[in-house]
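Participant: Listed here are the chains, written in short residue letters.
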Amino acid sequence: MDLLRFATAGSVDDGKSTMIGRLLYDTKSIFEDQLAAVERTSREMGVDFTNLALLTDGLRAEREQGITIDVAYRYFATPKRKFIIADTPGHPQYTRNMVTGASTADLAIVLVDARKGMVEQSRRHAFIVTLLRVPHLVVAVNKMDLVEYAQDVFERIRGEFAAFASKLSVPDLTVIPIAALHGDNVASRSDRMPWYEGPSLLHHLENVHVASDRNMTDVRFPVQYVIRPQSSEHHDYRGYAGSVAGGVLKPGDEVVVLPSGRQTRIASIDTEDGPVEEAFPPMAVTVRLEDDLDVSRGDMICRPHNAPAARQELDAMVCWMSDEPLVAGRKLAIKHTTRSARAVVRALRYRLDVNTLHRDESADVLALNDIGRIQLRSTVPLFVDDYRRNRATGGFILVDEATNDTVGAGMVVGSD
Amino acid sequence: MTTPSRTPEPDRPARIERAPGDYRLTHLQALEAESIHIFREVAAELERPALMFSGGKDSIVMLRVAEKAFWPARIPFPVLHVDTGLNFPEVIAFRDRRVEELKVALIVASVPDAIERGLVRPEPNGSRNRIQTPVLLEAIETHRFTALFGGARRDEEKARAKERVFSFRDEFGQWDPKNQRPELWNLYNGRIHVGESIRVFPLSNWTELDVWHYIGAEELEVPELYLARERSVFERDGMLYAANEFCRPKDGETVFDERVRYRTMGDANLTAAVRSHADTIDRIIEEIAVTRLTERGATRGDDRVSEAAMEDRKKEGYF
Numbered sequence: 014m015d016l017l018r019f020a021t022a023g024s025v026d027d028g029k030s031t032m033i034g035r036l037l038y039d040t041k042s043i044f045e046d047q048l049a050a051v052e053r054t055s056r057e058m059g060v061d062f063t064n065l066a067l068l069t070d071g072l073r074a075e076r077e078q079g080i081t082i083d084v085a086y087r088y089f090a091t092p093k094r095k096f097i098i099a100d101t102p103g104h105p106q107y108t109r110n111m112v113t114g115a116s117t118a119d120l121a122i123v124l125v126d127a128r129k130g131m132v133e134q135s136r137r138h139a140f141i142v143t144l145l146r147v148p149h150l151v152v153a154v155n156k157m158d159l160v161e162y163a164q165d166v167f168e169r170i171r172g173e174f175a176a177f178a179s180k181l182s183v184p185d186l187t188v189i190p191i192a193a194l195h196g197d198n199v200a201s202r203s204d205r206m207p208w209y210e211g212p213s214l215l216h217h218l219e220n221v222h223v224a225s226d227r228n229m230t231d232v233r234f235p236v237q238y239v240i241r242p243q244s245s246e247h248h249d250y251r252g253y254a255g256s257v258a259g260g261v262l263k264p265g266d267e268v269v270v271l272p273s274g275r276q277t278r279i280a281s282i283d284t285e286d287g288p289v290e291e292a293f294p295p296m297a298v299t300v301r302l303e304d305d306l307d308v309s310r311g312d313m314i315c316r317p318h319n320a321p322a323a324r325q326e327l328d329a330m331v332c333w334m335s336d337e338p339l340v341a342g343r344k345l346a347i348k349h350t351t352r353s354a355r356a357v358v359r360a361l362r363y364r365l366d367v368n369t370l371h372r373d374e375s376a377d378v379l380a381l382n383d384i385g386r387i388q389l390r391s392t393v394p395l396f397v398d399d400y401r402r403n404r405a406t407g408g409f410i411l412v413d414e415a416t417n418d419t420v421g422a423g424m425v426v427g428s429d
Numbered sequence: 149m150t151t152p153s154r155t156p157e158p159d160r161p162a163r164i165e166r167a168p169g170d171y172r173l174t175h176l177q178a179l180e181a182e183s184i185h186i187f188r189e190v191a192a193e194l195e196r197p198a199l200m201f202s203g204g205k206d207s208i209v210m211l212r213v214a215e216k217a218f219w220p221a222r223i224p225f226p227v228l229h230v231d232t233g234l235n236f237p238e239v240i241a242f243r244d245r246r247v248e249e250l251k252v253a254l255i256v257a258s259v260p261d262a263i264e265r266g267l268v269r270p271e272p273n274g275s276r277n278r279i280q281t282p283v284l285l286e287a288i289e290t291h292r293f294t295a296l297f298g299g300a301r302r303d304e305e306k307a308r309a310k311e312r313v314f315s316f317r318d319e320f321g322q323w324d325p326k327n328q329r330p331e332l333w334n335l336y337n338g339r340i341h342v343g344e345s346i347r348v349f350p351l352s353n354w355t356e357l358d359v360w361h362y363i364g365a366e367e368l369e370v371p372e373l374y375l376a377r378e379r380s381v382f383e384r385d386g387m388l389y390a391a392n393e394f395c396r397p398k399d400g401e402t403v404f405d406e407r408v409r410y411r412t413m414g415d416a417n418l419t420a421a422v423r424s425h426a427d428t429i430d431r432i433i434e435e436i437a438v439t440r441l442t443e444r445g446a447t448r449g450d451d452r453v454s455e456a457a458m459e460d461r462k463k464e465g466y467f
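Top to bottom, those sequences are chains A and B.
The first sequence begins at 14 in our numbering and counts up by one.
The second sequence begins at 149 in our numbering and counts up by one.
Read the hints as simulated data drawn from the structure, not as lab findings.
The structure presented is a predicted model; accordingly, all values stated were derived computationally and were not measured.
Glycine residues also receive a C-beta, built at the ideal position from the N, C-alpha and C atoms.
Fair warning: there could be bad hints in the mix.
Said to hold, decoys possible - Here are the simulated lysine to aspartate or glutamate pairs, EDC-like style, with alpha carbons at most 16 Å apart: (1) A/Lys-263 <-> B/Glu-393; (2) A/Lys-41 <-> B/Glu-435; (3) A/Lys-344 <-> A/Asp-286; (4) A/Lys-344 <-> A/Asp-413; (5) B/Lys-326 <-> A/Asp-336.
What the hints assert, rightly or not - The following residues of chain A were derived to be distant from chain B, with all beta-carbon distances above 10 Å: (6) Arg-87; (7) Leu-181; (8) Pro-338.
Taking the hints into account, I'd like the entire structure generated from these sequences.
Facilitator: Structure, rendered in structure tokens:
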């Protein structure tokens, strides 16, 4: 059994909570006491049906106001896979939340109301999925029951999406007609849409191939923590612990350590369960090197002829997540892999209109939930790859040094 | 205490056989890797962390993952136990043995001691759940902890489903659900001001079933209370309580023998048992896989108070 993380996005009233409720319900992931609580709340709110959407409302303010404030995480499993859902709300601040949910997702589901087709919000959602390089996009055309399960309605929406997706270079697009309220094509194929020959939503989630989505080519090992037991038993042990961010590491491999540029070989790759012959993303291991080098947190271990760019000047797409707008000249803390530094925003190149994809080069601020391209200069070199090539070594966060809040999510553009 | 029987086909992370070129991790390996990453990140970035250990299954798994994260070095932070004085004795014995094995420092923050000093007062129903909070906050202040690892999982409860892995707390230990830092990729923001702290939940993405699968795969020892045994119990509010020194039947409550086990390890006076024949870890896994009640709904008198009980406690600075 492996793990699939997916994010869900939809406009208000697209039936997203109902779809998630349906996935949980049909995979027997809802417990009786949870269902009883939902039934009780439904009654208290004067709703005369059990509102499965309530299953996903976590906080009191959300239940009172009938809205979703924050990313909520849900879990279910089938015999084939364990699933982690990052459920992102369609309401205000949704860009920030959707970017957050999409950052770790293998797959994203964008919901569309069959009666409305692709609306502005659907385009925004699909764009964010692409910007965050979520490898698989599923468009769930919901409420097919309200359009008499008509094939032509579905085909029209599918055509619209395919055209838009080709502009965005979506790596893998699947469009599925569903009726979440009745369960059509959610956990199993529906008889009511015999013209649809594709998989049910759950079947697709269970079978989509994700193992090769991570970068297995470029060896990247950001040193996270230096392990030195200094005990009599492990007197001279010095290991570099971290999570593999790219490529496959093997004992004996020739490696180079950045920023020093010193070369050595991997002596062994250790775990508490014993040494391993190969380490690949997202394994957490401890690497020992043959030579005694000065290596510390924030250094990057890679291969001599395949190293990331060491850059202090970088261009990036950034999603701004703070009420206080971003302007050129702003100084921030930056965290990239295990490396932290300070950075200054040298220029705001443009603000992107997420609906039209128009680049507004006259913009001089990025407000909350805006996405734009910026140029940064950091106090020390960062070992970056193009985000499109490697999400783990292309993504970074920006932190306000006064409030310590995370205020921006950045994706490196063009490392060379 | 018991060493549980082994699962037939251990799924233990490093022992798994992979075909060459198959770069897939099992879900347990992926969860373990994520949790190890979180432990190392905190140890690298925050000065004075501590691990909150209760002796329950989640903290047992958490401690095991922490051991792996720093091996062959020792866990580089102490273990903190908020002792309500109402723990099952087996749980305390287990705690002491595990701490000894791992050679980590143990700090006990005692609720009875705090009651004696007048810091807190037990609730009328005997629950010491809520009054753990001031005791915990006092320990944080005394030891100047900046980060506390907790075993909470997001599948446990609706408020937790929205809590970050790094849950930021102000100088009063309060959680502000509407003002959480966005958490992107695996880039955690551990920056705090003096006096503030972070609760860190390395097992956020694990479910109850994952925890049991891991205990089985890793052959971890758990308090025997988790396993079904013939125990003397009585019924109260529709739940089964073991008759023991902390919890005596009232008039009209009859004691009878029943095969039961515990799904959670709360206070001995308020944690109910469930009817079960699951006397091995494998059987627990089978049982959990088909169970129709959440662990808290089934066994915790103290969580039943209201829909928002957990949310309120967390805002006050609870785990």
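Participant: Decide, hint by hint, whether the structure agrees.
Facilitator: Hint-by-hint comparison with the structure:
At roughly 57 Å between alpha-carbon atoms, A/Lys-263 and B/Glu-393 are farther apart than 16 Å, so this suggested pair is violated. Using a Cα cut-off of 16 Å, the hinted pair A/Lys-41 and B/Glu-435 holds, with the two alpha carbons roughly 14 Å apart. Taken as a hint, the A/Lys-344 and A/Asp-286 pair is broken in the structure, with Cα atoms around 44 Å apart against an allowance of 16 Å. Annotation: proposed proximity of A/Lys-344 to A/Asp-413 holds, straight-line Cα distance about 8 Å (limit 16 Å).
Taking the CA atoms of B/Lys-326 and A/Asp-336, the gap is near 14 Å; set against the 16 Å cutoff, the hint holds. Look at A/Arg-87: its CB is around 7 Å from the nearest CB on chain B, not clear of 10 Å, so calling it non-interface is violated. Every CB of chain B lies more than 10 Å from the CB of A/Leu-181, the least distance being 21 Å, so the non-interface label holds. The claim that A/Pro-338 is not at the interface with chain B holds, since no C-beta of that chain comes within 10 Å of its own (minimum 17 Å).
In terms of the numbered hints stated before, the structure departs from hints 1, 3 and 6, listed from lowest to highest.
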